[in-house]
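Use these hints to put chains B and C onto chain A, whose structure you have.
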Amino acid sequence: MRVHAQRAGALLGGLMFPAWSMADWTLNMTPGVTGTSNEIFSLHMTILWICVVIGVVVFGVMFWSIFAHRKSQGAKPANFHENTLVEILWTIIPFVILVVMAIPATATLVDMYDTSESEVDIKITGYQWKWQYEYINEDFGYFSNLATPRDQIENRQAKGENYLLEVDNHLVIPVGKKIRFLVTANDVIHSWWVPDFGVKKDAIPGFINETWTRVDKPGIYRGQCTELCGKDHGFMPVVVEAVPEEEYNTWVAEKKEAAERERQLTQKDWTMAELMERGEKAYQTACAACHQADGSGAPPAFPALKGSPIATQDMAAHIDIVVNGKSGTAMQAFGNQLSEVDLAAVITYERNAWGNNTGEMVTPKEIFDYKNQQ
Amino acid sequence: MSNQQANKAGASRSTNRVVGWCLAGVVGMFAFGFAMVPLYDVFCEITGINGKTGGRYESTEVAEADMSRTVKVQFLASNGPGMTWKFRPVVRSVEVHPGEPTTVNFYAENPTAEPMVGQAVPSLAPSEGTLYFHKTECFCFNQQPLEAGESTEMPLIFIVDKDLPAHITKLTLSYTLYDQGKQPAVTQTSRKDTTTNDNG
Amino acid sequence: MAVTGVFMSAVADTHAQDHHHGPAKGISRWLLTTNHKDIGTMYLIFSFAMFLLGGSMAMVIRAELFQPGLQIVQPEFFNQMTTMHGLIMVFGAVMPAFVGLANWMLPLMIGAPDMALPRMNNWSFWLLPCAFLILVSTLFMEGGGPNFGWTFYAPLSTTYGPPSTTFFIFAVHIMGISSIMGAINVIATILNLRAPGMTLMKMPLFVWTWLITAFLLIAVMPVLAGVVTMMLMDINFGTSFFDASGGGDPVLFQHVFWFFGHPEVYIMILPAFGAVSHIIPAFSRKPLFGYASMVYAVGAIALLSFVVWAHHMFTVGIPIVGQLFFMYATMLIAVPTGVKVFNWVATMFRGSLTFEAPMLFAVAFVILFTIGGFSGLMLAIAPADFQYHDTYFVVAHFHYVLVPGAIFGIFASAYFWLPKWTGHMYDETLAKTHFWLSFVGMNLAFFPMHFLGLAGMPRRIPDYALQFADFNMVSSVGAFMFGATQLLFLFIVVKCIRGGKEAAAKPWDGAEGLEWTVPSPAPYHTFSTPPEVK
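Protein chains in written order, with UniProt numbering: chain A, 1 to 374; chain B, 1 to 200; chain C, 1 to 534.
If you're looking for bench data, these hints aren't it; they were derived computationally from the structure. Treat the numbers as computed from the prediction; the structure is a model and nothing was measured. Check the hints yourself; a few may be wrong.
Simulated crosslink set (DMTMM-like; lysine to aspartate or glutamate; CA at most 20 Å straight-line) [said to hold, decoys possible]:
1) A/K178 - A/E82
2) B/K72 - A/E119
3) B/K162 - A/E117
If we strip away everything but chain A, and leave its shape as in the complex, we get (with noise of 0.2 Å):
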């Protein structure tokens, strides 16, 4: 009994104050970080109470009748089955109800629709299945893949806190800046979504779309494509990283530093053992989820690629699938995706796992001439 009443004192109590709820049984939206998301929430809270009273008011009436109208105690049916001045109440009333709900909706939506100067600008673009942050004045971007690994999600390997919420990078903003968001998808639409900011944006092909937010609180805040967009969709989370400004104007310097380093390593002589060590995790960030950490695939959609013809004859045909990708398929062009040494590194990893064993490599070098002399 006392579990039920501790059950039930959370249910009303979840309700009324959200901090009270237990942590797997939450039942409310949370205010979230933003002025937008708090005011969401004061309106959700809003309607929410009023079809709660009406709730109340409508099945009491109800309730009433089937325990006092009841036949078997004897009750006799009245006659009645018209009244224009009930009728005429009952419509004005809830227009009237409907009108005090339309206006701070109102208020809140012209708030959303702010188009007042950003500070940082940042363009957002969802792939099949991943996102793709490029901040639009500091020339920099990069991709934000799923980091849970693949043992957890088939339940090989115990399931971690952030279980599918945790990305390889996170989109880093700074705190209390206005940050404006450019939406669009490569693709098919995706939909960008992180509730504690009370954001979310359809990410549509060939258009863009705008929106924006203040974190006044700085924090890891995790959202998920909202938008079926194929078979993983329910893998592409949103993690927003939001910090102090001085962090912030550091971190992008790092980043542009990183960048540069990236371009420079392009350049340097690559061992087969460092190629393979890199190209494993790269192909378990960008390629296993379709062709499988055991290179098994999934055919004929995903082809395997362990003792496949692509992984272990032709290198030029092999360098051109990954770089160029396969139009009709669901193969994408990751040379615009991956960066040369990441590409080199995948390739030869192909080449040489699961019994490949071709002894052949590819150098990020090779990569970069071929992607400027097909």
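Chains B and C only, in chain A's frame:
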């Protein structure tokens, strides 16, 4: 005819009438479904709702620039799926005065070993600004053929209308470049060639 | 063939001027029948079979979602299950069930001998098994069946769809033709074949709601046909309706689809409104409160349904003026819907109530559909919808209006009219058991989905983060319970067909209407001479 037979004949005549009207409704609604396509385009052109900036702008008057304010116009470039060209704006953004024609360029390069044809599709944010963004010259009006290894700088000449609402201070113009195959198409893509946005 | 045997022996051919000698025998009877009762029966059997099929797919979905991790199916197949579950339930279970009820009951309620176009009626039915054979066979084609959600947005369904998509489109066309022909038949029947004296404002509510539903079908099924044709052209004939690279727009797809889609959901509920408007007065032994208001309310709902479609698209990037318009229009629908709920409650109030199975389902309908209406009102609030859209909150909403809405409405109707169809009373104890198990199962399955959506769980995902695990498990248990209980319903119906307490012409003492003046089971031909209506 007996009364009942006459009634039945009458009923079947009016049944035929009802069926006729219903079928007309069905055909009409099917046609309406297809009519929604050009209707949507017209609606979007008039309201600018979907961010498509329309065809070549021919102004009927020479407008003076509004020197009292500037608007930042940002440029984004994306490749469509499978498109391998290098494609980027030469400058990331410009500050313009409403009413003043501005020229910017976009760099495109075909790094492959085959000739290819690209088509750029524009999109503007915020969509409210679409009606106030006029392109007098744009590489997106035509398909762009490039030989193997060839690169080019493609011009965009635009004017931000003086009547752009005061609360819009930043416009983002995004182009997505699509692969149209090896040969330029015989006909243009389905787009009206010119628009005159008479937003006085 | 116990079912046909029972129907044949139940036929009482008493009209001298008819030259029929009872129904034909064997399989040709069913293939060639133009009798509205036979066709109604076939629609109902077909719809229940589809309900079980679509339900099995739901069981696969809930089994995979029972725990985090991928245990049972791969994501590609999971997407096919969610898509087919939606398509089969909408087009194979709910719509044909209502057409079946219409076929059986409309002629009886208006005193007509049959539907206006009996041969077209036969075609309307037989198109459906053909369409669904094609649709279900796509699951076995190379690349699998449709996997883009029952809403099949472009370009996921066009450029990125599996090879079977063309067959999916073909099946949708056939279903659409069937629905359109059925709607034409309903309109012609109601407008032309009413017994003399039955003016429009004397028609029973079920007839009114079906008349209005039929107009909705005529208006929007052709638009669905248009949008899938555009898809077909984009996929196979190089057009670019929905492809930005050719000057098209994926959002156009959504506008055209939802122009069909929103009236479609009213198509799926209005007949239930009508049926419940018969059942509640019958078991309250009191006339329906506010007949005229009820009729106007249905008309208002139908009209409004045409101007609210973009509330399914609040996150697509519509400018604020558009968002506000669609928000206000959507909120407005709550007014006539509320009027209907108040009228049902007022019908019960100070009645003399008994709670046989039809009434249990009808009362549950009013309460639970209203809860679905509340979540719908919340979804209508555009700024809040940014947090609800494409989450389990939406899934909770539409399952509340469709399961205890449409489906309970269908169960209520079935129990209400089974005595008329079969001549036997169904087993009341088993029926009440079916009700209570369905009620508990359904609420366990779908109420937690409100919480999941508010906590941030998106739709159409085969696997989820750990904080969603507990409610998902509860939901799956409820779903399994609900699913298993429907087998009990099958048993109850078969048992009732085969025997049971003999049913009077009017087994429910509070029921009113012409349908209760003919014997139970209803003779093969009824109202060959139209009755007088005062």
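These are the hints, each one checked on the structure:
{"no.": "1", "hint": "A/K178 - A/E82", "in the structure": "57 Å, violated"}
{"no.": "2", "hint": "B/K72 - A/E119", "in the structure": "12 Å, holds"}
{"no.": "3", "hint": "B/K162 - A/E117", "in the structure": "19 Å, holds"}
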